[in-house]
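**Student:** Listed below, chain by chain, are the residues.
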Amino acid sequence: MQSAAQSGSLRVAASSPRRRYHQRLGSAMAVYVASLFVAKYLISRNLVDGPVVWVLGLLPGLAVIGAFYAIAMLMVEQKDEFIRMLIVRKTLIGTAIALSLATVWGFLENFGLVSHVDAYWVAVIWFLGFGIGGLVNRITHGASGEGC
Amino acid sequence: MKNRLKVLRAERNWSQSDLAEKLEVSRQSVNAIETGKYDPSLPLAFRIAELFGLAIEEIFMRD
Chain A
1 MQSAAQSGSL RVAASSPRRR YHQRLGSAMA VYVASLFVAK YLISRNLVDG
51 PVVWVLGLLP GLAVIGAFYA IAMLMVEQKD EFIRMLIVRK TLIGTAIALS
101 LATVWGFLEN FGLVSHVDAY WVAVIWFLGF GIGGLVNRIT HGASGEGC
Chain B
1001 MKNRLKVLRA ERNWSQSDLA EKLEVSRQSV NAIETGKYDP SLPLAFRIAE
1051 LFGLAIEEIF MRD
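Chain order of the listed sequences is A and B.
All residue numbers for the first sequence refer to the numbering used here, where the first residue is 1 and numbers rise by one.
All residue numbers for the second sequence refer to the numbering used here, where the first residue is 1001 and numbers rise by one.
Just so you know, the hints here were simulated from the structure itself, not pulled from any lab data.
Treat the hints loosely; a few may be bogus.
[Stated by the list, open to error] Here are some chain A residues pointing at chain B (derived, C-beta under 10 Å):
{"#": "1", "residue": "LYS79"}
{"#": "2", "residue": "ASP80"}
{"#": "3", "residue": "GLU81"}
{"#": "4", "residue": "ILE83"}
{"#": "5", "residue": "MET85"}
{"#": "6", "residue": "LEU86"}
{"#": "7", "residue": "THR140"}
{"#": "8", "residue": "HIS141"}
{"#": "9", "residue": "GLY142"}
{"#": "10", "residue": "GLY145"}
[As the list claims (entries may be wrong)] Straight-line alpha carbon distances no greater than 30 Å define the calculated BS3-like cross-link-like pairs of lysine-lysine that follow:
{"#": "11", "chain 1": "B", "residue 1": "LYS1006", "chain 2": "B", "residue 2": "LYS1037"}
{"#": "12", "chain 1": "A", "residue 1": "LYS79", "chain 2": "B", "residue 2": "LYS1022"}
{"#": "13", "chain 1": "A", "residue 1": "LYS79", "chain 2": "B", "residue 2": "LYS1002"}
{"#": "14", "chain 1": "A", "residue 1": "LYS79", "chain 2": "B", "residue 2": "LYS1006"}
{"#": "15", "chain 1": "B", "residue 1": "LYS1022", "chain 2": "B", "residue 2": "LYS1037"}
Remember, predicted model here, so these are calculated numbers, not experimental data.
Every residue gets a Cβ at the ideal spot worked out from N, C-alpha and C, and that includes glycine.
Construct the complete structure from the given sequences, taking the supplied hints into account.
**Tutor:** This is the structure we're talking about:
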């Protein structure tokens, strides 16, 4: 009985960094969706002007920074060194993909070979790369880095 | 780096989950160490050695 209780508490303790990560990520995404909707609605109808437009324009980006913060805190709080390494690996893979594509696209755009793409797509590509990094981890190390 | 973790665990009839719980790491960590996909840090290697009552070099050896 005591062993089961200890085992249970261990499982709860071990899962808490991931649980906090999901809470932080969920909060950031909720703020992102809400702020994007409000900003688009108010700005496109010219219902606000001056500094308020700046504040509304900054909010969705700040919410995405919140998602990056959630990933950073997952790395900091993760006590399992193997899982932490996997998270670092997929972060680096996401960063490599996003920076490479952004750099190449930037030059192509500069030479008039491709159309303009809004800069926030770099973050979207980064999250896709983060997911690809998880797949790479699963193939090379048998786990994606989702555990704990 | 090679290791005898799987043999030592089997001698004690421990599952990967049992060993993971004793070491306070994930089961994926135990699996990755056993299969040679991940070399543990020195502090974790010491914890593993202490758990089995052996020296680190009796568990881990060079390729």
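**Student:** State for each hint whether it applies.
**Tutor:** Now the hints, each set against the structure:
1. The beta carbon of LYS79/A is positioned within 10 Å of a beta carbon in chain B (closest approach about 8 Å), and the interface hint is therefore held.
2. The restraint placing ASP80/A at the interface with chain B holds, with a minimum CB-CB distance near 5 Å, inside the 10 Å limit.
3. Hint status for GLU81/A relative to chain B: holds, with the closest Cβ pair at about 6 Å, below 10 Å.
4. Contact between ILE83/A and chain B, as hinted, is supported at the beta carbon level, the nearest pair being about 6 Å apart and thus within 10 Å.
5. For MET85/A, the suggested interface contact is upheld, since its CB lies about 7 Å from the closest CB of chain B, less than 10 Å.
6. For LEU86/A, the interface hint holds, the least distance from its beta-carbon to any beta-carbon of chain B being 8 Å, beneath 10 Å.
7. The beta carbon of THR140/A comes within 7 Å of a beta carbon in chain B, closer than 10 Å, and the hint placing it at the interface holds.
8. With 10 Å as the threshold, the beta carbon of HIS141/A comes within range of chain B, its nearest partner Cβ sitting at about 5 Å, so the hint holds.
9. At a threshold of 10 Å, the smallest CB-CB gap from GLY142/A to chain B is about 6 Å, leaving the interface hint in force.
10. Hint on GLY145/A holds. Least Cβ distance to chain B is approximately 9 Å, under the 10 Å limit.
11. For the suggested pair LYS1006/B and LYS1037/B, the alpha carbons sit about 13 Å apart, so the restraint of at most 30 Å is met.
12. A threshold of 30 Å between alpha carbons decides the hint, and for LYS79/A with LYS1022/B the separation of about 15 Å falls inside it, so the pair holds.
13. Restraint check: the Cα-Cα separation between LYS79/A and LYS1002/B comes to about 24 Å, which is no more than 30 Å; the hinted pair holds.
14. For the hint pairing LYS79/A with LYS1006/B, the CA-to-CA distance comes to about 23 Å; that is within 30 Å, so the pair holds.
15. Of the pairs offered as hints, the one joining LYS1022/B and LYS1037/B holds, with about 21 Å between alpha carbons and a cut-off of 30 Å not exceeded.
When the structure is compared with the earlier hints, no violation turns up for any of them.
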